[in-house]
Amino acid sequence: MQEQEDFKQLDMRYEEAELRSKRKNPSWIDRAWTFFSSVKVGLWLIALIIIASGVGTIFPQEMYIPQATPPEEFYQKEYGTAGDIYYTLGFHNLFESWWYIGLITLLLLSIIIVSIDRFFPLYRALKKQPVIQSDRFMNGQRFGAEATGDVKKIDAIAPLLEKKGYKVRRQDGALLAEKQRFGRWGPYINHIGLVLFFGGAMLRVVPGMHEDELLWLREGETLPIEATDNQYYLKNEAFNIEFYDPEKVDEKFKKSLEAAGGNVPKNYDTKMTLYKKVGETSDFKPKLEEIKSGETAVNRPFEFDDYQVFQEQYAADPEFKTMSFNIVNQKTDKVVDTIKVDLRDPKETYALKDGYEVELKDFLPDFVVKDGQPTTNSGRPVNPAFVFSIKSPEHPKGERSLIGIKLNVGGDENQYKMAFAGTELSNISGVRIKKDMTLPFLFAGGIIFMAGLLIGMYWPHRRLWLKEKNGRIQIAGFTNKNALGLQKEANLALTEVGLPELEDRQKLREEGEAK
Amino acid sequence: MNLLQLSSNLLLTSFIVYLVSTGFFAVATSGKKGPTRSGKIAFTLAIIGFLAQLGYFFTRWAGAGHVPVSNLYEYTTFFGMMMVLGFLIVYAIYKNNVLGLIAMPVALLVIAYASMFPDEVQPLIPALQSVWLKIHVTTAALGEGILAVSFATGLLYLIHATDFSKESKTRTWLEVVMFSLACVVGYILVGLLFKATGSASTIEYVAKNGATMTHDYAMPVLTGPEGGKVLSGSGAVIELPNFLNANKVNTVLWSIIGGVVLYVLLRFVILRKRLAESLKPIARKIDLETADEISYRSVAIGLPIFILGGLIFAMIWAQMAWSRYWGWDPKEVWALITMLFYVFYLHMRIQRGWIGKKSAWLCVGGFAVIMFNLVFVNLVVAGLHSYA
Chain E
191 MQEQEDFKQL
201 DMRYEEAELR
211 SKRKNPSWID
221 RAWTFFSSVK
231 VGLWLIALII
241 IASGVGTIFP
251 QEMYIPQATP
261 PEEFYQKEYG
271 TAGDIYYTLG
281 FHNLFESWWY
291 IGLITLLLLS
301 IIIVSIDRFF
311 PLYRALKKQP
321 VIQSDRFMNG
331 QRFGAEATGD
341 VKKIDAIAPL
351 LEKKGYKVRR
361 QDGALLAEKQ
371 RFGRWGPYIN
381 HIGLVLFFGG
391 AMLRVVPGMH
401 EDELLWLREG
411 ETLPIEATDN
421 QYYLKNEAFN
431 IEFYDPEKVD
441 EKFKKSLEAA
451 GGNVPKNYDT
461 KMTLYKKVGE
471 TSDFKPKLEE
481 IKSGETAVNR
491 PFEFDDYQVF
501 QEQYAADPEF
511 KTMSFNIVNQ
521 KTDKVVDTIK
531 VDLRDPKETY
541 ALKDGYEVEL
551 KDFLPDFVVK
561 DGQPTTNSGR
571 PVNPAFVFSI
581 KSPEHPKGER
591 SLIGIKLNVG
601 GDENQYKMAF
611 AGTELSNISG
621 VRIKKDMTLP
631 FLFAGGIIFM
641 AGLLIGMYWP
651 HRRLWLKEKN
661 GRIQIAGFTN
671 KNALGLQKEA
681 NLALTEVGLP
691 ELEDRQKLRE
701 EGEAK
Chain H
155 MNLLQLSSNL
165 LLTSFIVYLV
175 STGFFAVATS
185 GKKGPTRSGK
195 IAFTLAIIGF
205 LAQLGYFFTR
215 WAGAGHVPVS
225 NLYEYTTFFG
235 MMMVLGFLIV
245 YAIYKNNVLG
255 LIAMPVALLV
265 IAYASMFPDE
275 VQPLIPALQS
285 VWLKIHVTTA
295 ALGEGILAVS
305 FATGLLYLIH
315 ATDFSKESKT
325 RTWLEVVMFS
335 LACVVGYILV
345 GLLFKATGSA
355 STIEYVAKNG
365 ATMTHDYAMP
375 VLTGPEGGKV
385 LSGSGAVIEL
395 PNFLNANKVN
405 TVLWSIIGGV
415 VLYVLLRFVI
425 LRKRLAESLK
435 PIARKIDLET
445 ADEISYRSVA
455 IGLPIFILGG
465 LIFAMIWAQM
475 AWSRYWGWDP
485 KEVWALITML
495 FYVFYLHMRI
505 QRGWIGKKSA
515 WLCVGGFAVI
525 MFNLVFVNLV
535 VAGLHSYA
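As given, the protein sequences belong to chains E and H, one line each in that order. Per our numbering, residue 191 is the first one in the first sequence, and the count goes up by one each step. Per our numbering, residue 155 is the first one in the second sequence, and the count goes up by one each step.
Don't read these hints as lab results, they were simulated from the structure. The structure presented is a predicted model; accordingly, all values stated were derived computationally and were not measured. A few of these clues could be false.
As the list claims (entries may be wrong) - In silico DSS-like pairs for lysine-lysine, Cα to Cα no more than 27 Å straight-line:
{"hint": "1", "chain 1": "H", "residue 1": "Lys-249", "chain 2": "E", "residue 2": "Lys-671"}
{"hint": "2", "chain 1": "E", "residue 1": "Lys-697", "chain 2": "H", "residue 2": "Lys-402"}
{"hint": "3", "chain 1": "H", "residue 1": "Lys-511", "chain 2": "E", "residue 2": "Lys-445"}
{"hint": "4", "chain 1": "E", "residue 1": "Lys-267", "chain 2": "H", "residue 2": "Lys-323"}
{"hint": "5", "chain 1": "E", "residue 1": "Lys-697", "chain 2": "H", "residue 2": "Lys-511"}
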């Protein structure tokens, strides 16, 4: 009993090998090494990352706020003083801040150094482990037992342990049985996986590894893909969006759709054609060759070469594509003729029947009045306005009017007026073109990480030492995980050859202390 | 009877069977002997309840036409079912009745909490139309369910190891945990009460962006929006500035009121002692070493499953649906925090020898992180995953 209370367990995590981080008289490199190889430092870093990440979710990050309001106003307006402080401290962009990325980099450095510091000494120690261990070693193991007996008992137990999958080595009668040593490599394997994963993610900065572009394509429009150096062109053949119709949908969905109120999209996709630039025409326009056509939808990207085209967004308010007008004689209320203006490519004059003609003097795609002057806000035809001049036999010089949505300046006094006769809308599809050559590294990193995790957790390294001296047999056992498993396995073999079961010396000591 | 009707009947059945099973676990732990016949009955009932709930899951799947984990009601119910599964696995190994007396009520609480959300089936939006819905969500929930077992055993460990006659931090914080659980029960009871009395109100207000919005209150209005106009029901006692969601604050307030009433009633009228202390006679029946080991084992099983489902599968799906595997969406961040938290636990335990009380506290904390991700991130923090 006395002996058990004195029991001091050896630290077997690294087989008592010399670690660089435990050197005496360290140089400054050793000091830095020691700092990063400390598990304590790594755990502090994890704790800091947990806290910082939590703070980063209090209010939405800058990338998720509506783009209409500038962030410096948004946080103040939306969340009051707390939002203001959040913005001022830079938490609105936390995950891209230098210090957050710095914390992750330090953690990675810590993982790499801690692994190197431990792995090589541990590997060497396990490779050249002796069969006969010192008494200090045998008595320092958590599991052990002693009994009288001779070498014959050790000889008898060897085949039993081999049957259980142990590798048995003998020397001068002593025995070392070992199983699943690779379980010790689990943590290092999963650390390698992590480093590969994050290293892969960092490869993005290498030119050519990662391309990312959001392309807004109107129906019928063909645009070059910058992410491919303008070598490829994409045409939006048709954008299709479908909503769940509360009237037509299956009875079971009716209630939830009514509760949702607005429009619940069912599907949206873009039919498109991919072209490759094969040269230039004589008037310096690209010569395009059709490569393939297909469609992209959410969860079903369109693929070519190393690229994927994702259906990401669509414009909530479609643009006007064409607008039609009737030319009306206000005296007789008769329609003279109809014109259709293609808003992407408006003509300057429209010749009509019987010598009538409409001249488009000015076109303002996104009409506003600034400082009393009509002007346009952008080039997108979202609120088009037109200055027309109608030439008729009665008015050969033309009658001018400014026409827009709910807008008619000068039109009423004229004899001829332009009356809206319908519009055609054009959907705009937002597709994301992406090339990411780093994904295989991330995937491999993920698999290696999981493999390491499972190996470390479920393949315990087990060892059993037996040694005979002067008619007494000393037994010691080691496992890095699942103590009960080792005891069960070893005890079966030990009792079969008439040796005592393994004692858990740590437990005995604790119980001794408790008394 | 159609499939969806059958499905909700099966869920109700499983809920009742779980309740009865918990009762038998209580009987099993009250006796002085070890595993008794009531323990066996309790376990069998838990399995029957689980099968009934599996029936709910698959009939709802067939009825709705997609895997029923697509909104908060369905997900939370499924999470409760995975907690039961996690418990069944651990019980099969350790045959511990005491664990049933904690794990089953927690799972029941989660399933009851789920029933507070709208239970209609919804058609899937395009982002959810993927095979990864079934793979990612179910695996993540299974991992979380198994991790929840470590919460139950951690709690038992702490109650067993704490001396309630002396003032201590553990004693105080255990009461905080108990009070939080009381608030969840309070939320459910208050919700059911006001559903029965029909205390709904609607208040119209003008939001910051100038749009006219309405709050539909299910509970009597304590806090209303600034300058709100009562369309139906009662008016607000206090008006709140509009950057706070007055309706959510109102719900939280009522849950706390319910929790306080329940807690005071239990502590000062019925039990007349700390809630954690009143569980001590039960907790004493599980030995500390077993509780500690079950905690560790459930993390060892639950964490790899959670990482696979909640992070790896999640990233694969995010890459396909949103063209990026990681986007710092709050749900993603909290999944990462969950993983880091349990990684912290494992290193503390294996490398720095945190066994026993400290380790048990980490298991309780881990469950708090999981619940935070389920409740707050969905309901309070806006993001891609807040589909309720």
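These are the hints, each one checked on the structure:
1. H:Lys-249 x E:Lys-671: holds (22 Å)
2. E:Lys-697 x H:Lys-402: violated (51 Å)
3. H:Lys-511 x E:Lys-445: violated (49 Å)
4. E:Lys-267 x H:Lys-323: The given pair, whose Cα atoms are some 41 Å apart, is violated under the 27 Å limit.
5. E:Lys-697 x H:Lys-511: Distance ~17 Å between Lys-697 of chain E and Lys-511 of chain H Cα, so the pair holds.
Against the hints set out earlier in the document, violations occur for numbers 2, 3 and 4.
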